[in-house]
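Asks: Throw the hints in and build the complete structure from the sequences for me.
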Amino acid sequence: MANEVTPTAQAARLEATWARPPGWRMFSDVNNSAVGVWYAVAAFSFMMFAGALALIIRAQLAVPDNDLVSATTFNQLFSLHGTVMMFLFAVPVFEAVAIIVLPAMLGARDLPFPRLSAFGFWCFVIGGVFVCGSIFFDAAPDAGWFMYPPLSTEQSGIGADIWLLGLSFIEVASIAAAVELIVGVLKCRAPGMHINLTPLYGWYVLVVGGMILFAFPPLIAGDFLFELERAFDWPFFDVRRGGDPVLWQHLFWIFGHPEVYIIFLPAIALLAMIVPTFAQRPIAGYSWIVLSALGTGFLSFGLWVHHMFTTGLPAISLGFFSAASEAVAIPTGIQIFAFIATVMLGRVVRTVPMLFAIGALAIFIVGGLTGVMVAVAPFDFQVHDTYFIVAHLHYTLIGGMLFPVMAGIWYFYPFVTGRELRKHLGIWSFWLMFTGFNVAFLPMHLTGLLGMPRRVFTYGPERGWDWLNLMSTVGAFVLAAGFLLLVFDCVRPRRAAAPRNPWAAGTLEWLAPLPAPGYGLRAIPEVGSRYPLWDDETLSARIDRGEGLLADAEEGRRETLVTTVLDAKPLQVLRVGGPTWMPALAAAGLGGVFIFATWKLWLLVLVSGAFFLVVLLRWLWTGTAEIPEKETKDIGDGRRLPLHSAGPYSTGWWAMFITLTGDLTAFLSLVFGYFFFWTVHEDFPPSGIDGPGWQWPLASGLLVLGGWAATLAARFANARGAMRRARFLLAVGMLTGAGSIAALLAGPWLAGLDPTAHSYPAIVWALVAWIALHLAVGLLMQGYCIARSIFGRLTPRHDADLWNVTLYWHFTACCTLLTAIVIGGFPEAA
Amino acid sequence: MSEPVVSEVKRETGSGTDLWRIIVSPTIWAVHFLASYVTVAVFCEKAGRAAALAPAEVAVIAYTAAALAGIGWSTWGLWRVRGRSLTDDDFEYEHNTPEERHRFLSHVALMLCLLSAVAVIYVAIPMLYLSSCR
Numbered sequence: 001m002a003n004e005v006t007p008t009a010q011a012a013r014l015e016a017t018w019a020r021p022p023g024w025r026m027f028s029d030v031n032n033s034a035v036g037v038w039y040a041v042a043a044f045s046f047m048m049f050a051g052a053l054a055l056i057i058r059a060q061l062a063v064p065d066n067d068l069v070s071a072t073t074f075n076q077l078f079s080l081h082g083t084v085m086m087f088l089f090a091v092p093v094f095e096a097v098a099i100i101v102l103p104a105m106l107g108a109r110d111l112p113f114p115r116l117s118a119f120g121f122w123c124f125v126i127g128g129v130f131v132c133g134s135i136f137f138d139a140a141p142d143a144g145w146f147m148y149p150p151l152s153t154e155q156s157g158i159g160a161d162i163w164l165l166g167l168s169f170i171e172v173a174s175i176a177a178a179v180e181l182i183v184g185v186l187k188c189r190a191p192g193m194h195i196n197l198t199p200l201y202g203w204y205v206l207v208v209g210g211m212i213l214f215a216f217p218p219l220i221a222g223d224f225l226f227e228l229e230r231a232f233d234w235p236f237f238d239v240r241r242g243g244d245p246v247l248w249q250h251l252f253w254i255f256g257h258p259e260v261y262i263i264f265l266p267a268i269a270l271l272a273m274i275v276p277t278f279a280q281r282p283i284a285g286y287s288w289i290v291l292s293a294l295g296t297g298f299l300s301f302g303l304w305v306h307h308m309f310t311t312g313l314p315a316i317s318l319g320f321f322s323a324a325s326e327a328v329a330i331p332t333g334i335q336i337f338a339f340i341a342t343v344m345l346g347r348v349v350r351t352v353p354m355l356f357a358i359g360a361l362a363i364f365i366v367g368g369l370t371g372v373m374v375a376v377a378p379f380d381f382q383v384h385d386t387y388f389i390v391a392h393l394h395y396t397l398i399g400g401m402l403f404p405v406m407a408g409i410w411y412f413y414p415f416v417t418g419r420e421l422r423k424h425l426g427i428w429s430f431w432l433m434f435t436g437f438n439v440a441f442l443p444m445h446l447t448g449l450l451g452m453p454r455r456v457f458t459y460g461p462e463r464g465w466d467w468l469n470l471m472s473t474v475g476a477f478v479l480a481a482g483f484l485l486l487v488f489d490c491v492r493p494r495r496a497a498a499p500r501n502p503w504a505a506g507t508l509e510w511l512a513p514l515p516a517p518g519y520g521l522r523a524i525p526e527v528g529s530r531y532p533l534w535d536d537e538t539l540s541a542r543i544d545r546g547e548g549l550l551a552d553a554e555e556g557r558r559e560t561l562v563t564t565v566l567d568a569k570p571l572q573v574l575r576v577g578g579p580t581w582m583p584a585l586a587a588a589g590l591g592g593v594f595i596f597a598t599w600k601l602w603l604l605v606l607v608s609g610a611f612f613l614v615v616l617l618r619w620l621w622t623g624t625a626e627i628p629e630k631e632t633k634d635i636g637d638g639r640r641l642p643l644h645s646a647g648p649y650s651t652g653w654w655a656m657f658i659t660l661t662g663d664l665t666a667f668l669s670l671v672f673g674y675f676f677f678w679t680v681h682e683d684f685p686p687s688g689i690d691g692p693g694w695q696w697p698l699a700s701g702l703l704v705l706g707g708w709a710a711t712l713a714a715r716f717a718n719a720r721g722a723m724r725r726a727r728f729l730l731a732v733g734m735l736t737g738a739g740s741i742a743a744l745l746a747g748p749w750l751a752g753l754d755p756t757a758h759s760y761p762a763i764v765w766a767l768v769a770w771i772a773l774h775l776a777v778g779l780l781m782q783g784y785c786i787a788r789s790i791f792g793r794l795t796p797r798h799d800a801d802l803w804n805v806t807l808y809w810h811f812t813a814c815c816t817l818l819t820a821i822v823i824g825g826f827p828e829a830a
Numbered sequence: 001m002s003e004p005v006v007s008e009v010k011r012e013t014g015s016g017t018d019l020w021r022i023i024v025s026p027t028i029w030a031v032h033f034l035a036s037y038v039t040v041a042v043f044c045e046k047a048g049r050a051a052a053l054a055p056a057e058v059a060v061i062a063y064t065a066a067a068l069a070g071i072g073w074s075t076w077g078l079w080r081v082r083g084r085s086l087t088d089d090d091f092e093y094e095h096n097t098p099e100e101r102h103r104f105l106s107h108v109a110l111m112l113c114l115l116s117a118v119a120v121i122y123v124a125i126p127m128l129y130l131s132s133c134r
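Keeping their order, the protein sequence lines are chains H and R. The first sequence stops at residue 830 when you use my numbering, and every number in between is there. The second sequence stops at residue 134 when you use my numbering, and every number in between is there.
Note that these hints are calculated values from the structure, not bench results. The C-beta atom is built at its ideal place from N, Cα and C for all residues, glycine as well. Be careful, since some hints might not be right.
[Unchecked claim] Between beta-carbon pairs, the in silico distance windows are: (1) R:Ala66 / H:His810: 51 to 57 Å; (2) H:Gly556 / R:Arg80: 29 to 35 Å; (3) H:Arg350 / R:Val38: 48 to 54 Å; (4) R:Ala69 / H:Ile56: 31 to 37 Å; (5) H:Ala9 / R:Val31: 29 to 35 Å; (6) H:Glu154 / R:Ser132: 53 to 59 Å; (7) R:Ala59 / H:Leu603: 29 to 35 Å; (8) R:Ala51 / H:Cys814: 34 to 40 Å; (9) R:Thr27 / H:Leu705: 26 to 32 Å; (10) R:Ser132 / H:Lys569: 57 to 63 Å; (11) R:Ser132 / H:Thr679: 39 to 45 Å.
Replies: What follows is the structure, encoded as structure tokens:
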């Protein structure tokens, strides 16, 4: 060790540095082990709420002509059930589990942006309570979980707005988690953990994080258009004024189908950790699982139209999507075969997680097979919107997600709490859930084939669906009983303490004593294999003695290692944020923007927005791109690593890159909207409506190039030490950027384009508004850099802020140019 | 998806398979899929439902040939990576060198080429059976 401190004193310092704030201030903690658990508890609370809604649905359908609830309440029940299960349980629980276990699995002390995780969590809770609470005021969304217009634009009340704004807000949390987890997997693995030694869970998280960046933004763009229609009457989906409801279906399902895999892959990832542990051997076909996870991730984007087989698209379009829907079965199957091979090659230990894992495979295979059936378009025409689909989707989601997550809960429960669950209760809960599930959903295949449509609130006795429905209702309650038994087991008093590494697992998360301390491992080990605990029996003792890297926190700062992407060579000691209220306050401010916008309380929206901005700036100013008190630091074995980095070597730059990739996807979805309208209209832009002309868009494009060039030049000037010139260039960039905004707005404004008249002016204005907002953020960033430079927080050597702002301008300038070409150039060419 | 600093890897091992490389062939699939779908959707919308598909068919076949050529080119490069094997020697996994990492990524990339080629062909098949925009 670098200085004369005993290992015990070092451990105490680590303990103190990573300690959770006491009392009610514990909610200002940002450590992954705290935030992850809150996240999981919140997700399961929402899940039980949505489960209760499902039981009311089943009670209503138990007998024909039932009048337990009214039709309007029933609409709210099933809409909220689907919405909550998908957006407030299935995706967030992935984020929760990943935030809890990923750092420990990778041998990191925390994820690279703990405050971002906390921000995502608070956004999720605020948005989730808002959406769920609506049903108590008879104001819940009632047009189904995919909100198809025109039903949702013409008939729905405030519920549709709550859905749109509440969920847009929650999507912020998903993007935040994607950024956090992708950078975590790529840059925060323990030294020596080459990419081919990374636990499979890490690979899946990487794939899913990537998918979120391309799947969620189209929905954000769709929500943006949808809310513009609902709040301001811009007719994107109104056929009478040149809109088209099918555009919403495209945008929704470009999100919605990958979403299914975003839910499924992380759950399968849990099995990829659980199965080897209980087969007591390494996973068979590691690289096959990696490649099929990647392959599934890609192919899952070619499936979205299979939700739209009955919208009247040409048969050839259906053919493409049908073919891709069949193709995705190949990589999905490979993963399952690899698990089965692992079980066959190993000596299986009979445990509850294994029971849930096998149950998951059994259920998921049924769901997968009916999936192949409905991927065949003519079959889908017959069963579309019937209970056959309800059965199919529950088999895939419960087999592909809920049961693996139950296995994961059982498996990681000792890791999180240091306690054990009781085996016989687990077996009971498994069989109740498994039996209940099949009794509830297997008959639905038949109910659907007999013609029962989904989402009807009751049916006549002459239909012959009564006994099938009664059976489903009984099954649903048995399933719920099994789940509640598991919940009881998790919260009951007097649970036995778990021994260390209770499952004799081989991966790093089981190295620490239980429950895992806030700082994770006592010291960060050098990793040399996929299952370090199995391959190195002295590892645990050595780490306990503090023999490893970063075994101390001498400056009292929370630190973790940043390593290279492929070979995990140490690059930097990353100082991560400690406890603060700022993420929660920022989430409250942003939440206010979305929530007040639901009731069009624009003044309060402005106040909340300003509050959010102030908190955000304070957060960035005090907590990011800090200049360390020394340049390098000994990591414990004589190697000295820098405490600061900027540009493509830093985690912050990659976070910006990843965020902007998602942002770009949203923007391209809007551009897709423009060309979608062009495709479906005989003449577009419609005759009789003058476009913005080419002059103003051209001016805007040229000015944005000026703003971009000035920012880039400022970065170069600053790096050369010419800080005054850098500030001047940034100021020039702000001026030209502001000019670009003005020119962009001038085009449609001076042409007198009325966004409520037709979809053409509406989509032009939507693109312009999107870009203007982004440019305004860009100006703010330039101003921020000028201030940082003046106050000595941005220096020629420590210029991470400027690198990130320049990156933002690369993206935004490209988007502005593309917008100028589309709105100014395309009508000239067309 | 993101993956930094290719040059750094080249310095270390002199072998170039990285995370960008393994997503080349699935990306070709995605571009082929989108191009085929958009071409046909726009063609059918503009030409009307009764129109014959023949012009679009030529385009899709051309896309397919180009995509398969691209995937083939990627496969060819990977095929020559020494030490690749069908199972990636996965039954004994005691490999902890940059070379082994390179072999692993090459194996993943190679098999993704195969999967992407199959998926490209799948997507092209409907084109051969349908003759109109109905």
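Asks: None of the hints should be skipped; say for each whether it holds.
Replies: Structure-based check of all given hints:
{"no.": "1", "hint": "R:Ala66 / H:His810: 51 to 57 Å", "in the structure": "violated, 29 Å"}
{"no.": "2", "hint": "H:Gly556 / R:Arg80: 29 to 35 Å", "in the structure": "violated, 53 Å"}
{"no.": "3", "hint": "H:Arg350 / R:Val38: 48 to 54 Å", "in the structure": "holds, 52 Å"}
{"no.": "4", "hint": "R:Ala69 / H:Ile56: 31 to 37 Å", "in the structure": "violated, 57 Å"}
{"no.": "5", "hint": "H:Ala9 / R:Val31: 29 to 35 Å", "in the structure": "violated, 58 Å"}
{"no.": "6", "hint": "H:Glu154 / R:Ser132: 53 to 59 Å", "in the structure": "violated, 34 Å"}
{"no.": "7", "hint": "R:Ala59 / H:Leu603: 29 to 35 Å", "in the structure": "violated, 54 Å"}
{"no.": "8", "hint": "R:Ala51 / H:Cys814: 34 to 40 Å", "in the structure": "holds, 36 Å"}
{"no.": "9", "hint": "R:Thr27 / H:Leu705: 26 to 32 Å", "in the structure": "holds, 28 Å"}
{"no.": "10", "hint": "R:Ser132 / H:Lys569: 57 to 63 Å", "in the structure": "holds, 59 Å"}
{"no.": "11", "hint": "R:Ser132 / H:Thr679: 39 to 45 Å", "in the structure": "violated, 18 Å"}
When held up to the earlier numbered hints, the structure conflicts with 1, 2, 4, 5, 6, 7 and 11 and fits the remainder.
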